[in-house]
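Trainee: One letter stands for each residue in the lines below.
There are 2 protein chains.
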Amino acid sequence: MRCAVILAGGSGTRLWPASRRARPKQFLAVTGGDTLIAATVARARSAAGRVMVVTAADQASLVTAAVDDVEVVAEPAARNTAAALGLAAVHALARDPDAVIGAFPADHHIGDPVAFGVAVERAFATAERDDVIVTIGIAPTRPDTGFGYLELGDGEVAPGVRPVARFVEKPAQAVAEQYLAGGRHLWNGGMFFVRAARLLAELDRFVPATGAAMRAIAAALAHGDATAEIAARYPTLPSVSIDVGVMERTTGVVAVPGDFGWSDVGSWTTVAELAETDAAGNAIVGDAVVVDGRDNLVVSDPGAAVAVVGVSGVAVIRAGDAVLVVPVARAQEVRAAVDALVAAGLERFL
Amino acid sequence: MRCAVILAGGSGTRLWPASRRARPKQFLAVTGGDTLIAATVARARSAAGRVMVVTAADQASLVTAAVDDVEVVAEPAARNTAAALGLAAVHALARDPDAVIGAFPADHHIGDPVAFGVAVERAFATAERDDVIVTIGIAPTRPDTGFGYLELGDGEVAPGVRPVARFVEKPAQAVAEQYLAGGRHLWNGGMFFVRAARLLAELDRFVPATGAAMRAIAAALAHGDATAEIAARYPTLPSVSIDVGVMERTTGVVAVPGDFGWSDVGSWTTVAELAETDAAGNAIVGDAVVVDGRDNLVVSDPGAAVAVVGVSGVAVIRAGDAVLVVPVARAQEVRAAVDALVAAGLERFL
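These protein sequence lines map, in sequence, to chains A and B. Quick note: the first sequence uses our numbering, first residue 1, plus one each step. Quick note: the second sequence uses our numbering, first residue 1001, plus one each step.
Everything labelled a hint here was simulated from the structure, so no lab data went into it. This structure is a prediction, so every number in the text was calculated from the model and none was measured. Ideal Cβ positions, reconstructed from N, Cα and C, are used throughout, including at glycine. It cannot be assumed that every hint is accurate.
Cβ-to-Cβ under 10 angstroms is the rule here; a few derived chain B residues that face chain A [claimed, not checked]: (1) G1033; (2) L1062; (3) G1146; (4) R1198; (5) V1240; (6) A1322; (7) V1325; (8) P1327; (9) D1339; (10) A1340; (11) A1344; (12) G1345; (13) F1349.
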């Protein structure tokens, strides 16, 4: 059985004011259609027999409101992706000892669903056939210093499947430029495919505290209910990502290079790039008008309107009780706005 | 008896999105304190024994919510200031045949209340003593083409009281510049002081349909209730301003020149001029932060927040369900935003 695991534990305010501490990015419909998590689940359904969403307990109700008919596994505390994937593996194994899980972040955008489907099928099939960890690496389009990278080894292990020489964390600018020029590096998009049993074995080896906890949770689940075991174990787990905990240490990982219009929707600049624009280059989401202005990103929410006159290259984001105005090219500086709001005693708007 | 008449029939969207068709400018607290109408009523109370507010029937509840203890005279239809002042005169006369009314627009800002008080006292006293129409003219500070002007005659008819040679409507730019340079012209700020009986006589002469209607309304009022008469007469009245209907045609008008930080608060540009600014020149009303930006006007409403990053010289106005972003210097172009909203089928936000 293939089980898609949607990792919906993300938080943060990089898309403030649309994203809030209590309503992270995955619950936004940033480009006007489905929420990111709903789109992720829809893609996952087309590629796997089961879909499971792992999320923080306090976001479980947001998940069930955003997507129908998925198994929601709630984490009582945020312990990063090694624990989240371990918990998913335990739940998948409880249904099928041969389960293969495919992990997808809940808050990414995919521009080319067909190419995405091709890559996912190849990754699942490789994980099933060869019992290896498979990742989908993203062909980089710029020397981004905000992502981890994976370095490909020589040759192919199967058609469209490359060996991974190593995982590397977020590089410096000069290094990122070398990576882009060299053509051997892919972005680590956080998509992993592996037999559930194999993942637990990797955790036993490289993150043993998490591995032991997952064995105990699995035993409880086999006896009917693991709620108490999860509640007792989870807060004690190390907070470590699957990348750092396992991928950077294990061997034999392979990668399916993918080029399918992937975006982590990491800032309003990215949203502006993804959005459809009018003849003047304005991207408009919701009810809004732009008069005598070009290349703006204007986002309003339902029941509200935004009017922009005589301004160009600016992101105007209205979401709920807050408004952000920032040049599109500087939208990653929303961090400065967040800091200023905290300093001004306006943290309640985050 | 002196009766201050607050003309609160104004409508319009020059301060959209704060002002709406259903909530005109006089009901806004644009600089953060009282609403304009509350401030106007407070000033009027200090200068006259009675205060009466003439407003559209559908705004009467807004008036009573905004100000306490005033007589509200509701017009069943908007028929401009000749009718509104006639109706006020009729109501004032019903209480006192010697009543002198002083008319004040509800939506203006006064920066120097003491100087305002001096001018109002002089105007009321002149109207009482000489039985003439007195206007307070505003010393112009720029060649504004958005106001009517009044041209002073030579000499003084009393200390600080000048004869008015003529009223002139909104001039062309070159003419406005001549007016400013010549020193003989004042802005017509819409403040008039006259015995109520004299005003009705002027209406009889220059706007006879309105004069006749007011006589009929007065007769009904003398018999206890003029509601039906007002409802029947009002829709038939010509829609004409007191300026065009009477002031430009009658003779013997005198003016008290006033210089008391007057503003008609006609655009967000004006609001920015009136607002207090921080060291970076940012004027902030409500909960808002500006990071790396200068000379912005940022207005938020209660319970909401605005963050501006890396932008200067821009007005960001959040009010209710709408947001406006426009360079401060071009804020009078809110008209273009309003037109664009109508064209986009978003008239419901006006």
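Trainee: None of the hints should be skipped; say for each whether it holds.
Mentor: Each hint tested on the structure:
The beta carbon of B:G1033 is not positioned within 10 angstroms of any beta carbon in chain A (closest approach about 21 angstroms), and the interface hint is therefore violated. Among the interface hints, the one on B:L1062 is violated; its C-beta lies about 22 angstroms from the nearest C-beta in chain A, farther than the 10 angstroms criterion. For the restraint placing B:G1146 at the interface with chain A, the shortest Cβ-Cβ distance is roughly 18 angstroms, beyond the 10 angstroms limit, so the hint is violated. Contact between B:R1198 and chain A, as hinted, is not supported at the beta carbon level, the nearest pair being about 46 angstroms apart and thus beyond 10 angstroms.
For B:V1240, the interface hint is violated, the least distance from its beta-carbon to any beta-carbon of chain A being 33 angstroms, above 10 angstroms. Contact between B:A1322 and chain A, as hinted, is supported at the beta carbon level, the nearest pair being about 5 angstroms apart and thus within 10 angstroms. A cut of 10 angstroms between beta carbons decides the hint on B:V1325: the least distance to chain A is about 5 angstroms, and the hint holds. Because the beta carbon of B:P1327 sits about 5 angstroms from the nearest beta carbon in chain A, less than 10 angstroms, this interface hint is met.
Among the interface hints, the one on B:D1339 holds; its C-beta lies about 8 angstroms from the nearest C-beta in chain A, closer than the 10 angstroms criterion. Checking B:A1340 against chain A: minimum C-beta separation of about 4 angstroms stays under 10 angstroms; hint holds. Interface hint at B:A1344: satisfied, since its Cβ lies 5 angstroms from the closest Cβ of chain A, which is below the 10 angstroms cut-off. At a threshold of 10 angstroms, the smallest CB-CB gap from B:G1345 to chain A is about 9 angstroms, leaving the interface hint in force.
Because the smallest distance between the Cβ of B:F1349 and any Cβ of chain A comes to about 4 angstroms, under 10 angstroms, the interface hint for this residue holds.
This entry does not satisfy hints 1, 2, 3, 4 and 5, going by the numbered hints stated previously.
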